[in-house]
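Asks: Make a model of the complete structure from these sequences and hints.
For the sequence shown, this note's numbering gives the first residue as 37, with consecutive numbering after it.
Some hints here could point you the wrong way.
Said to hold, decoys possible - Taking CB as the label site, the calculated pair distances span:
1) 37 / 88: 36 to 46 angstroms
2) 67 / 140: 17 to 27 angstroms
3) 153 / 86: 17 to 27 angstroms
4) 130 / 65: 28 to 38 angstroms
5) 88 / 67: 26 to 36 angstroms
6) 130 / 96: 12 to 22 angstroms
7) 66 / 102: 34 to 44 angstroms
What the hints contain is simulated information worked out from the structure, not anything from laboratory work. From the three backbone atoms N, C-alpha and C, an ideal C-beta is built for every residue, glycine too.
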Amino acid sequence: MSRIICVLNSDSISVMREFLDFVLGISAFNEDVSVVFAENSMGLINNIDRISPEGVGERNFVKTFGMLELYDISHIYAECNAVDDADGAGTLSEGVVSSIPEIKPLSTSECMELIRKSDHVFTF
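Replies: Next up, the structure:
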């Protein structure tokens, strides 16, 4: 079984929707799929509870985050430079933690190590 990692490093709502569709699709063919929300996507992720895709002509994909758990995608990470904060939440907002409870903060070096250990990397 291949270890696959999907990295979102875009601040585009359209790219985020495509990313989620891709992750859900690829998980149907592989059991070991990890998701990383990298540096540029953190602005969108931290405002996930306030995103209104309909405002820019997109379908509301925000509820799709709940599907990650149903598709057995439990390796969900956020690249946070402040993962050593006292509360352990790094730079993740409360909206993220409530919308994606499985998300774990990782430092940039931890994200790079995760990527190096993967067999296939898909970036958006």
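Asks: Now tell me if each hint is right for this structure.
Replies: Hints, one by one, checked against the model:
no., hint, result
1, 37 / 88: 36 to 46 angstroms, "holds, 38 angstroms"
2, 67 / 140: 17 to 27 angstroms, "holds, 19 angstroms"
3, 153 / 86: 17 to 27 angstroms, "violated, 34 angstroms"
4, 130 / 65: 28 to 38 angstroms, "holds, 34 angstroms"
5, 88 / 67: 26 to 36 angstroms, "holds, 34 angstroms"
6, 130 / 96: 12 to 22 angstroms, "holds, 21 angstroms"
7, 66 / 102: 34 to 44 angstroms, "violated, 20 angstroms"
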